[in-house]
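Visitor: The residues making up each chain are set out below.
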Amino acid sequence: MMHSLAPDALWASVGVAALWGGLLMMTTAIVGYRGLAFLSYLVVPMFILLAGVSFMLGIYEGGGLAPLLTITPPEPLSISWGVTLVVGMYIVGAVITADVGRYCKKPRDAPIGWVVQIMTLQVFFLLGAGALTLAMGEPLITKALLAGGIGLGAYMMAVFGQWTTNDNNLYSGSLSYVTFLPVKRSLVTLIEGLIGTGVAAYLGFTAGASLEPFEAFLGILGRFLPAVGGVLIADFYVFQWYRGVPIKERYKIKPGMRFAEINLAGWIAALVGGIVGGWLIKVGIPALNSLVLGFVIYLVVSILSDKAKIRISLGEHIITEAGE
Amino acid sequence: MEIAKLKKIAYGSHGLSLLLAVILIILAFITWSRWIYTSIIYLSIGIVQLCFSGTLLVRLRRKVTKKEIGVVNVQHSWWILSIALASAVIIPAPFFRVSPIIITYFATSFAILWLILGSINLYIFVRETGVSLVV
Chain F
6 MMHSLAPDAL WASVGVAALW GGLLMMTTAI VGYRGLAFLS YLVVPMFILL
56 AGVSFMLGIY EGGGLAPLLT ITPPEPLSIS WGVTLVVGMY IVGAVITADV
106 GRYCKKPRDA PIGWVVQIMT LQVFFLLGAG ALTLAMGEPL ITKALLAGGI
156 GLGAYMMAVF GQWTTNDNNL YSGSLSYVTF LPVKRSLVTL IEGLIGTGVA
206 AYLGFTAGAS LEPFEAFLGI LGRFLPAVGG VLIADFYVFQ WYRGVPIKER
256 YKIKPGMRFA EINLAGWIAA LVGGIVGGWL IKVGIPALNS LVLGFVIYLV
306 VSILSDKAKI RISLGEHIIT EAGE
Chain C
52 MEIAKLKKIA YGSHGLSLLL AVILIILAFI TWSRWIYTSI IYLSIGIVQL
102 CFSGTLLVRL RRKVTKKEIG VVNVQHSWWI LSIALASAVI IPAPFFRVSP
152 IIITYFATSF AILWLILGSI NLYIFVRETG VSLVV
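Chains as they are written, first to last, in this note's numbering: chain F, 6 to 329; chain C, 52 to 186.
Honestly, I wouldn't trust all of these hints.
[Stated by the list, open to error] Derived DSSO-like pairs: lysine-lysine, alpha-carbon spacing no greater than 27 Å straight-line:
| # | chain 1 | residue 1 | chain 2 | residue 2 |
| --- | --- | --- | --- | --- |
| 1 | F | LYS111 | C | LYS117 |
| 2 | F | LYS110 | C | LYS117 |
| 3 | F | LYS110 | C | LYS118 |
[What the hints assert, rightly or not] Here are some chain C residues the structure puts well away from chain F; computed CB gaps all over 10 Å:
| # | residue |
| --- | --- |
| 4 | VAL73 |
| 5 | TRP83 |
| 6 | VAL149 |
| 7 | THR180 |
Read the hints as simulated data drawn from the structure, not as lab findings. The beta-carbon is built from N, C-alpha and C at its ideal position, and this holds for glycine as well.
One chain only, chain C, in its complex shape:
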């Protein structure tokens, strides 16, 4: 796969991840008055994912070789994937459910989307750039 296409995939997937993080932060503000603990969790997850995806977009600009692009993407994809796994476990927990329940479903679906994005990114960048899965 060409470098330009690899960068396009990275920008696309992490751009989407960034968008999900922003929406989760908005959900955190919505849930603030309903159940503050849920709000804090959403806010924490949203900010962390925002940082991971946002910093990748900045770091990627300076990377020119396939290997460099691969390493940076694998690092950030792992971070997003592992936070997503934790989020997928914690967000739907009874303690953090809020009314209306659709908010919890939305937030959980974001976690699952991050899981999918992170997994696909890892697969693509390890296969196409030849970098190790454990960098």
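The following block holds chain F by itself, in its conformation from the complex:
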């Protein structure tokens, strides 16, 4: 994105931008939840305002709302591929949201916050971006904003957009590692961040600027990760209920609690559900197939192994006093 905004600047070349973008991502992720919250407090309202601006600019460039609604993209996608791409864009956030949602003061705050932002803000963001990119015929929202005369806002969206997304992903990734590695979260965050930044910079220096690898990656995420979401839904709402755990006690993490380091039923369901639902089944919407299969396979494997009294997990992790 930065490269498209300033194609001649060295600092905005894909490789260099990946380096400083990675450093930004690491700063807030290493601080942890407070770092993520600090950045979100600062820039999320800006995104809301920029989405509104995009929509207005789209109406202006499209010659009014009615003409805008008649515009079709030069190469329209099928609805199933569109759903997969949209799911791919958001599924990582959906799957890891529990890592951030656990800080809510009341249990109901997490689903309320999530539903409100998905049903209202996300729709608003997509409408704003869609209106502008359709009207301008430019697939990159930041470039369209710059061409439309939004100036600094386009740069801010490029910088903060990647920063707020990536630091959440890095934070969540580091939390996953500390459940089975005896190291500090900040150290894992640093190492993961350096590896991710290095890979991104390498790809940037060698492959340059192209949206195709990113779209392909979104496609993989959109096909595979819904199965992980299916496993989480199945475990929390159905398997825990089957085991008789009251809903208020589910996933209530306390120091001293013991968890399996690797839940094999979850891995099997996610892998089989993701591959079969995402790639092998040729009917329906891949993202939805993957989610449903992950859900069903997890329940079948977990309940059968529970009835047969076979342990389907490896290792054990004990929650520390710090709650990690």
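Following the hints, put chain C in place on chain F, whose structure we already have.
Guide: Frame of chain F, contents of chain C only:
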């Protein structure tokens, strides 16, 4: 710092913020016939800041402890600060500039003033009441 003084600072700074919001709404009406998109942006920002500052003044009346005052002020100061940051970026953008340009300068200066007010408030209330910056 005493509770009365803290409340005085909060009322003063958010009262000023409220005034800026009202002036921005007036500017929105002035720019309506010149460039409707600018008018809509000014109106949106003005109304949002009016709500954030106005509701603080109401909420603050019921707060009696330092911590309560601190939490409420930090929440509202963040909202004002973040909208101010967005405004400072968007208002001076070429698409939203209006003639005479002094109107754009005025509106931009309001955004900068909100930025300063929000930052100072956060600093004062976090330091004096001991509440967290991320509430």
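Visitor: Run the structure past the numbered hints and jot down the numbers of the failing ones, going up.
Guide: none
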